[in-house]
Amino acid sequence: MDKNCFYLTEAIVNSEVIIVSLGQGAGVESKFKDLGLSKGMRVKVINAQKQGPCLISLGSSKLVIGYGMASKVIVKKYE
Amino acid sequence: MSKDLRPITVALVGNPNSGKTTVFNQLTGDNQKVGNYPGVTVESKQAFVDYKGYRIKFIDLPGIYGLSASSEDEVISRKFILEQNPDLIVNVIDFSNLQRNLYLTAQLLELDTPLILNFNMADLAKNKVFVSDKNRLSQLLNSPIVFTTATKRKGIQQILEEVINVYHQKDSYKSMVIDYGIELETVISNLESVLKMDKSFQDAKNIRWLAIKILESDQRIISKIKNTSVYPELDQILSGISSMFSKTYSENLAYLVSDKRHQFVDNICKETITTDFQHTHSLSDKVDSVLLNRLFGLPVFMLIIWLMFKFTFTFSSPMVRAIEILQDSLIGLIGQVMAQGSIIYSLLVDGIIAGVGSVIVFVPIIFMLFIFMACLEYSDYMARAVFVMDRFMHKVGLHGKSFIPIILGFGCNVPAIMAARTIDNKKDRLVTILMNPFISCGARLPVYVLFIGAFFSENIAGNVLFSLYLIGFLVSLFIARILSKYLLKNEITSFAMELPSYKIPELGQVLTYAWHQSLAYLKKAGTVIFAGCIIIWALSNFPLQNHREKLSINGSSRAEVEVNNIENTYAGKLGKIIAPVFKPLGFDDWKISVSLMGGVFAKEIIIGTLGTLNAEISVQNPNESLSDKLKLMKKDNGKLLFSPLVAYSFLIFVLLYMPCLATIAVINKETGSWVWTCFSIFSSFTIAWIISFIIYQGGIFLGFR
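Chains as they are written, first to last, in our numbering: chain A, 96 to 174; chain B, 66 to 770.
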């Protein structure tokens, strides 16, 4: 993993991040895509917990990402 | 059905939370439950509307984000859309989330079924989403657009008009061709030409769609073509392309296909839509920063649930008493027009009023409980609970989404167990189903209220009630932990779901919801519980010879003789056989045993049975309520049966001992396994016995009596 990248669960609350990778697993990426979330997208982290779920906002909607998934999503800081 | 009406079948399809069920209810005048979290609609529901010479059948399908279904409820929607061939689809779209909702639309556009786009919740999005050119948008999406605000019935009529319009042009409808770019398009046409070589596909209407699905490695489509003559060749093409594309793009094919589809939507949105979301979530976000806080989230949730039960209890008590008084005067009235010793009098007073009546008394409690539940649901706090509980649920091998069936279980375990369909993973779903019967449902509440009212002081009543719910919840977590650790070992999967913004619940909506739940409770009282009480009354009055003896005795000694006789009836004999099982738990009384047997049919029958079987106490104390009668119940040795400790041990047993018949049936249906159904029955009985034992014996050890 690039040193500028980190897991979504480690993101600072209220910061904006760019999705680098959505994690492996068949269908996981497509599922995220159907929910409106894809690589390269800029999202705001509303709530993130080290060992818990994350809440992100993208445009008009807010998504809860369960801990299991959030701990596999890799992001980098938006600058 | 009238012969002249021509049938049209219309499927309502859309993302979760887009308001499909509200649109469905408004279109059809039906009253399906509406909710703001996934899982409220887990089955397809249908209703008919007669309009302009047509009989339109509307089908409300579970919400989906795409056509590649993974959970059981999504499979129901996908199957219906692809296999039942509806005449047309109304795609219900949350207008404030237009772009995201259109990703599903893009997939629907590629089908052969004509589409009507229903931009719903238009009022809510008024200042947030702007369509610059509706006609252009409609043209780009190859479908008519209808704006609605379904909660206020705005635009509903127009949907019906469009259904007729589109139906008339159905034969000339051509599905949309989305451009997947030159590389993918070459592959698609290759796959198409191979497919055409097989006879079974030559007549297929939409061979392009099939080719795209194969490219997306849609497992259900692939399993269908596996046995055809062309499969080996298709497979060869696919593996060739996969390796070629992965070198260039480092992505899988399915991702590339969906990426192109999203580009198609994004381009359309760029051309016709502008959005302003700057301040949309500001207040909601502030509230969430407290309610979803890592430290406060869970305590706040517990506090809200505690308040819910406390207020349910406090607010409904006066109404319960009022109904009790009404019933007493009804008994008085019957006594005036009928001979007190007759068997009809006994059936009416001891059987029906004492039985069904003692259940009806609790309607206000059910009403209050569901008022609070509706407020929590319609304010969209319930969806937050999923977030708050995710971390916690991971500790028992599940994730936050499994918490939705738990919340629904506070109302009734049957829809709760069905809601487990939204969980993707089969093992997770099974664990979620099996843990649910321990969640205390609304039917158990009247039993608690009756006993708590009788044996605990008013200032601790709310806490005692809350403790029962908490114990039920903890036991259900314990079961989940055991199952997922030892019997259904599984890697923890996860979920992603949308979080709706907070709303102020509409009073009408809340009252309607509580009203319908209360009606359902009354209906149950008039059917299952009515039948149960008559059976119990019959069992406790026959063999009839006892009854004749009763009639021959009059005056003050009647009651005593009756007590002796009732023990010789079928109910008495049956109860006495079972009663010893409950001796270590403190309630080894035959009446209690009979009531617990009745409770398997429906938990409220426990009260009905106690009402019927204790009717004889009313001869001594004619104006006592059932809760006062419980205080007078005696053991064989003449000592009082119930102390607060025994009552609590009994309530714990009622909470846990067995799923009711309807729940057993739904467990069997949803798991498709008698083994797991029996597991649920036996494990719950064993756990109930053990915990009641610990409480009763522990209580005695600590000096309670």
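Keep in mind the hints are simulated off the structure, nothing from the lab. All C-beta atoms, glycine included, are put in the ideal place defined by N, C-alpha and C. Mixed in with the good hints there might be a few duds.
[Claimed, not checked] If we take Cβ atoms under 10 Å as the criterion, some of the chain A residues that face chain B in the derived model are: (1) C100; (2) S110; (3) I113; (4) V115; (5) S125; (6) K126; (7) L130; (8) G131; (9) S133; (10) I160.
Hint by hint, which ones does this structure get wrong, listed from lowest number up? 1, 2, 3 and 4
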